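Peer 1: Letter by letter, the chains look like this.
Protein chains: 2
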Amino acid sequence: MLSLDQIKDITHESPSKIVLLVIDGLGGLPRPETGKTELETAHTPNLDMLATKGICGLADPVSLGITPGSAPGHLALFGYDPIKFLVGRGILEALGIDFELKKGDVASRGNFCTVDKRGLITDRRAGRISTEQNAELCKKLSRITLEGAELFVVPVKEHRFLLVLRGEGLSGEASDSDPQQTGVTPLNVTALTASGKKTAKLANDFLTKAKWVLADFHPANMVLLRGFSQHPDLPTMKEIFKLNPAAIAAYPMYRGLAKLVGMKILETGSTVEEEFDTLARHYAEHDFFFIHVKKTDSTGEDGDFDAKVKALEEIDRLLPMITALNPDVLIVTGDHSTPALLKGHSWHAVPVVLCSKWSRPDHVREFGEITCAGGSLGRFLAVHVMPLAMAHALKLTKFGA
Amino acid sequence: MLSLDQIKDITHESPSKIVLLVIDGLGGLPRPETGKTELETAHTPNLDMLATKGICGLADPVSLGITPGSAPGHLALFGYDPIKFLVGRGILEALGIDFELKKGDVASRGNFCTVDKRGLITDRRAGRISTEQNAELCKKLSRITLEGAELFVVPVKEHRFLLVLRGEGLSGEASDSDPQQTGVTPLNVTALTASGKKTAKLANDFLTKAKWVLADFHPANMVLLRGFSQHPDLPTMKEIFKLNPAAIAAYPMYRGLAKLVGMKILETGSTVEEEFDTLARHYAEHDFFFIHVKKTDSTGEDGDFDAKVKALEEIDRLLPMITALNPDVLIVTGDHSTPALLKGHSWHAVPVVLCSKWSRPDHVREFGEITCAGGSLGRFLAVHVMPLAMAHALKLTKFGA
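These protein sequence lines map, in sequence, to chains A and B.
The opening position of the first sequence corresponds to residue 986 in our numbering, with each subsequent residue numbered one higher.
The opening position of the second sequence corresponds to residue 986 in our numbering, with each subsequent residue numbered one higher.
In short, the hints are calculated from the structure, not lab data.
Possibly wrong hints are sitting among the right ones.
Stretches of chain B that chain A covers, calculated by requiring three or more beta carbons in the stretch to come under 8 Å of a beta carbon on chain A [stated by the list, open to error]:
hint, region
1, 1014–1028
2, 1046–1052
3, 1065–1073
4, 1351–1361
Please read all numbers here as calculations on a predicted model, not as lab measurements.
Built from N, CA and C at the ideal position, the CB exists for glycine as well.
Okay, chain A solo, but in the shape it has when bound (with noise of 0.2 Å):
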């Protein structure tokens, strides 16, 4: 694999567009009744029409059998090695809900959680308490002052919320407080390297306020922290492949993981035929656009197959918007598979498609995993993607003399 500087120095501008449709946890599994997938299962006219037209394989995100969060799968598509680049668990809690990172900041994920008198946690999720109470709780967690830091407490959903230390000096390299069990106590935040001393410092001092202040109000009497972690500072797709990136995505979290590499993000309405209508009124102003469709993950993670199904054709129905505007390269894959069978992200290969003027077709007529899996791409790493996105622009010159 090429280093990041290494395609730097071979990439080019252009005016050829490149659209990579990521339809989040694209990939599933057979039906025992019928032995075929969501996707199998799904009328897809206009995605076996890619198929044909374009070149298929299967992309693992990360590595063979390893099951991706959102972060690496996305970032793996966007480019960048998902193995190398790493986005803590509170800097992806921070952009899941839009919070404004600066350079230097630490985030932390917070739960609220219930401990018994003698300081055992009982309840790592303090009864799911409502997102109401999670706000009113934050709202004088907030209050808590810290000597060399400024503090952001900010509700997420349910039991989660966000912390968030600004100030000099800080570092990510500080251990969780959840000791990820109950019948014990919280752990004190202990530094990972030098780096985190002051921020270990910072999160115990935290956790004895926060524990004074929550005193009397059971179930949600104490707060576990974990993933402590800095923004990330990612070279930008403008500097790597000379783009001008737009994101078309519905969820703050997706917006969040775009914003890393430095995509613009474009207002859109929720609705899969909103998004598609923002890319055709955008279509001008970029010449690379990534759109990012959730609910074919949500309905997987709920396990509901026939809902994932409808929401694959749904997709199918509405691709027109995208094909009418015949991008130089259009690529429709996943960030990971999330079977209904499974209710959750898992590690099998997600199907793509890349269709261009210059893609050399193979025998793949309809897009599924196990057709897929016969087309010319092969089994491979999803990090190629935008290399064999920006090949097939145009916009890549040669390697080497």
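We have chain A already, so just place chain B on it with the hints.
Peer 2: Structure of chain B alone, referenced to chain A:
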């Protein structure tokens, strides 16, 4: 991928013979009228017989989506990771005209160019002056003397020449004087690291004197230099693979690349028939042969689909001259694709067939791009061709205990 040191540990000498036939620019793109590539269009019963007997796949010379220059394309086939082992532009230029490089030499690609009265470049190729004029001007430039280094100025073709600096303490760590655009002045050569200081100084001295020498020779009244580089000093195939390798190539650049890895260069006529005949005559003397056929690439670069088809058919017709020798391992592939439709090197994966008594046959019956995609080698990196060849020649022992 194993390192060369790791490979070295498991190779051993044996009488078995490997023949690697490199059909330059082998892969293509389908002609819209027929949907068939050059190779799929060509009548190639002998290659198809190899595909039937052997195993097939599609190789990416460098990485998915990456278009290789000739050097990375060949180094990969010789078993050298083309991302790690780089050959500079200047060195390739020297290899291309059979210039005898010495260790420590710094080579640079030169262009005659035109500058106006203010010194701004108006034509980076000096109106593509004739090769004869080039030779005359190079003779004049050869008379320039530099303090601390010998200097060679050797004509190539039209506006292109080779500059070689020979002396102590030189390095390729010097920037181009060629700004790769018109309307600006040539750049000063600067040291990219401390080791490039002497080279940069010598190059700038040469450029100052060249400007003076050429002042009256409009349109070739200045020169541009780029790709300062040194001989990469690769471990030889003898060291790594314990082979006694020979190269048969009508074009100097490919002989030069073969020399880089220590192959013996066999004198040969320039037709395919003469090249194959050279193989037969020297067959007893070596256990590895690299044969390079150029015409498929040059016809591809010319955009001449039919001529490329004919070149492929000629190779196929003569192939029995090779198979009659019954090599233990015969591999036919290319260093990259050169689709006539793109008139140049491309990133498309290259068909590979490997034929040996010890290959486990697959279902492929025709040697073509789509059929090879379905072969049992799958889609793989070209750097694995040599380990596969060595394995099938029973020249590798077990890796690890």
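Peer 1: Three residues or more, CB to CB closer than 8 Å: is that satisfied between the region 1014–1028 of chain B and chain A?
Peer 2: Holds: 4 residues of the region 1014–1028 of chain B have a Cβ under 8 Å from chain A.
Peer 1: Mind taking a look at whether chain A covers the region 1065–1073 of chain B? Criterion is 3 or more residues with CB to CB distance under 8 Å.
Peer 2: holds (count 5)
Peer 1: Report holds or violated for chain A covering the region 1351–1361 of chain B, Cβ cut-off 8 Å, minimum 3 residues.
Peer 2: It holds: at least three residues are needed, and the region 1351–1361 of chain B offers 4 whose Cβ sits within less than 8 Å of chain A.
Peer 1: Do at least three Cβ atoms from the region 1046–1052 of chain B come closer than 8 Å to Cβ atoms of chain A?
Peer 2: Since three or more residues must qualify, the claim that chain A covers the region 1046–1052 of chain B holds, with 6 doing so at under 8 Å.
In summary, this structure violates none of the numbered hints.
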